[in-house]
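Residues per chain are reported as follows:
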Amino acid sequence: MDVAVRPVRVALVGNPNSGKTALFNALTGAHQKVANYAGVTVERKEGRVLAASGRSMSVLDLPGTYSLRARSPDEEVTRDAVLGRLQDEAVPDVIVAVADATNLRLVLRLILELKAVGRPMVLALNMYDIAQRQGLRIDLEKLRAELGVPIVTTVATRKRGIEELVAEIETAAGPGWTSEGETWTAPDAEAIRGAHRRAEQIMRATVRPPERPDTLTGKIDGVLLHPVIGLVILMAILFVMFQAVFTWATPIMDGIEAGFGLLGSGVAAVIPDTGSVWPLVESLIVDGVIAGVGSVLVFLPQIVILFAFIILLEDFGYMARAAFLMDRIMGGAGLHGRAFIPLLSSFACAIPGVMAARVIDAKRDRLTTIMVAPLMTCSARIPVYTLIIGAFIPQQTVWGFANLQGLVMFGLYAAGIVSALAVSFVIRKVFWRGAVEPFMMELPAYKKPDARSVLLNLWLRAKIFMERAARIILPLMILVWAASTFPYPPEGATQPAIDYSFAGMIGHWLEPIFAPIGFNWQMVVALVPGMAAREVAVAALGTVYSIADAESAGSLLGATLAAQWSLATGLSFLAWYVFAPQCVATLGVVKRELNSWKWMWVMVVYMFALAYLASFATYRIAVALGGG
Amino acid sequence: MSNVIKLSDARVGDRGVIVSVGIHGDHQAEGIELERRLLELGLVEGANFELLHEGAFGRDPIALKVDDMRVALRRKEAASLTVELAALPLAAE
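Heads up: the protein sequence lines correspond to chains A and B, in order. Position 487 of the first sequence, counted from 1, bears residue number 487 in my numbering, the numbering being contiguous throughout. Position 14 of the second sequence, counted from 1, bears residue number 642 in my numbering, the numbering being contiguous throughout.
Because the hints were derived from the structure by calculation, they are not lab data. Since the structure is predicted, the reported quantities are computational estimates derived from the model, not experimental observations. Among these hints, one or two may not hold up.
[What the hints assert, rightly or not] DSS-like, lysine-lysine: derived pairs with alpha carbons at most 30 angstroms apart:
#1 B:Lys693 with A:Lys447
#2 A:Lys115 with B:Lys693
#3 A:Lys363 with B:Lys693
#4 B:Lys704 with B:Lys693
#5 A:Lys447 with A:Lys33
#6 B:Lys693 with A:Lys33
#7 B:Lys693 with A:Lys591
#8 A:Lys142 with A:Lys45
#9 A:Lys598 with B:Lys634
#10 B:Lys693 with A:Lys142
#11 B:Lys634 with A:Lys363
#12 A:Lys45 with A:Lys115
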């Protein structure tokens, strides 16, 4: 294609915490597309800009890095995108190196490395207002001469310098750049030292240290990284976060549930009840599509609230501190301090948790984190726990203050956490033979989060979740619906229809396997649709026990279960749900994130094995104690 | 008494200059990789450092000021750096 008409391809490269994403947002506004790079699971963020001259540009926000010598999948994408090695990605016409003006040393070394690649480059000195406030003097003319690249000062959060940057990019792109030359080779330690010396020289020649250096970060760290106070504050933040996720979200979730209920009954009322096809169509749309999408979208409020906390804490600069505080505690189990955030997210849903594990640059640590993330009690288990606890655990006070039902709920959460730590310990011992990846990271200066950028990120997260619900979960729900609907029950059937379906057949067929852990065939049947999403098991139990609308008639279902199951069976079912990989969507994401069928199957096998063992032990012990 | 120590033996408040990075003669792939990563994070010979914070358990990990940025690492990694401590607490630079 003619270079003059196709958009200028621009790639943003910079250290983590350089305000690169803020600059990307300022450049492209809401004109962003989030997808994945072909073949890898790193997020690809692209946006459009129109230069004053009318020339259009496509801007790529590449993951932050300290070096082109990549260590994590994210950093590999940055390297390969810059070098034009990515499949389906053209070489960028212009590289924009984004630098935090108050923290130049490391980025200067990165710029020297980028220059060796030989692409046209522009340096954006971002957060220039903070540098000025600190009285940091940068001799821009001299820096330009030393580096040999044009420089633009920017304040991304206030959209300052953006037009100048766009103009500079356009000039750098020139009328057409065609060289595909790639001259980069990974530097060895001596080359890195050499580049540091060169960067140091440039620093000395062009930058006067700040007159009023940032002392606030040091003061805040004195509290937040304090060995005792810091941990107490971290726990307090977590407490508030959980309160928010589980209480603030409830009214909105109820609203969404009611909305989908109304939609379902509305659609059902429109579809005629005659003939043999219409009821089937109605069932597919109402029970399959609407109920299925609804059962996933109902978690959107929780995910939005959770991500609001995560994005705010990340933008403020706290997440690196949380990793610092938690590293030793998690390290005892063989986890990286950074695994803290993905595991925390997994309390809402394992899917964002597994995806958040991308922040861990060490491959083994990332894998271990992903393998244990589904053991964290996700919110989809709550409806199941609530139902069974309500049916079998008496509402009474123990030890004078604790509610027994609440205590059991807490115990289930604790069981998930403890087993996650134990499993990661075993994974490290068995698969890695005790090898430990290094833990090192920058503790960025604290910054006030920018409201617009937080909202934009939140919107992107919500959009990704909804798209995933549509693309992965919807087909699964339809599959499960089909398995629970076909074939039809014979004439004069006495059992609920699901009993004659494929799901029912599977349930009966698997029953002998589950008998030793106290499950009856109805429970096994409910487990099959429960594979689509854990909480669907509640609705499925309602179906097999012929209780319409089980979720709203929860107490009726609870009473039925209490009458039909022994206490030992109820407890066994709870134990099963702590461990079983009862969520196909999570398995799908794990497969994609690790790009490996093998590890997905390792997860399936180990979780089923743990679930079976735990339920077996629970059932047998409960029976022995007289709960049979 | 020599005031050149391993960074892993430093305590809160210690400050000085980084003398060497990487374990000399360590030609294991892991050692080479660690050295490069430390360097890329700005832990380079000649950089000024100050140990700011220690973790609650086993005084691990540690948070350092390295020139004008802050870095966290475990004592295990810090063992591959040697530092020269300033003889006396420095007055304002």
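Right, here's what the structure says about each hint:
1. B:Lys693 with A:Lys447: holds (18 angstroms)
2. A:Lys115 with B:Lys693: holds (28 angstroms)
3. A:Lys363 with B:Lys693: holds (27 angstroms)
4. B:Lys704 with B:Lys693: Measuring from Cα to Cα gives roughly 18 angstroms; hence the hint holds.
5. A:Lys447 with A:Lys33: At roughly 26 angstroms apart (the allowed maximum being 30 angstroms), Lys33 of chain A and Lys447 of chain A satisfy the hint.
6. B:Lys693 with A:Lys33: violated (38 angstroms)
7. B:Lys693 with A:Lys591: Violated. Lys693 of chain B to Lys591 of chain A sits at ~40 angstroms, over the 30 angstroms cutoff.
8. A:Lys142 with A:Lys45: violated (33 angstroms)
9. A:Lys598 with B:Lys634: violated (42 angstroms)
10. B:Lys693 with A:Lys142: holds (28 angstroms)
11. B:Lys634 with A:Lys363: With a Cα-Cα distance of about 28 angstroms, the restraint between Lys634 of chain B and Lys363 of chain A holds, given a limit of 30 angstroms.
12. A:Lys45 with A:Lys115: holds (23 angstroms)
Of the numbered hints listed earlier, those contradicted by the structure are 6, 7, 8 and 9.
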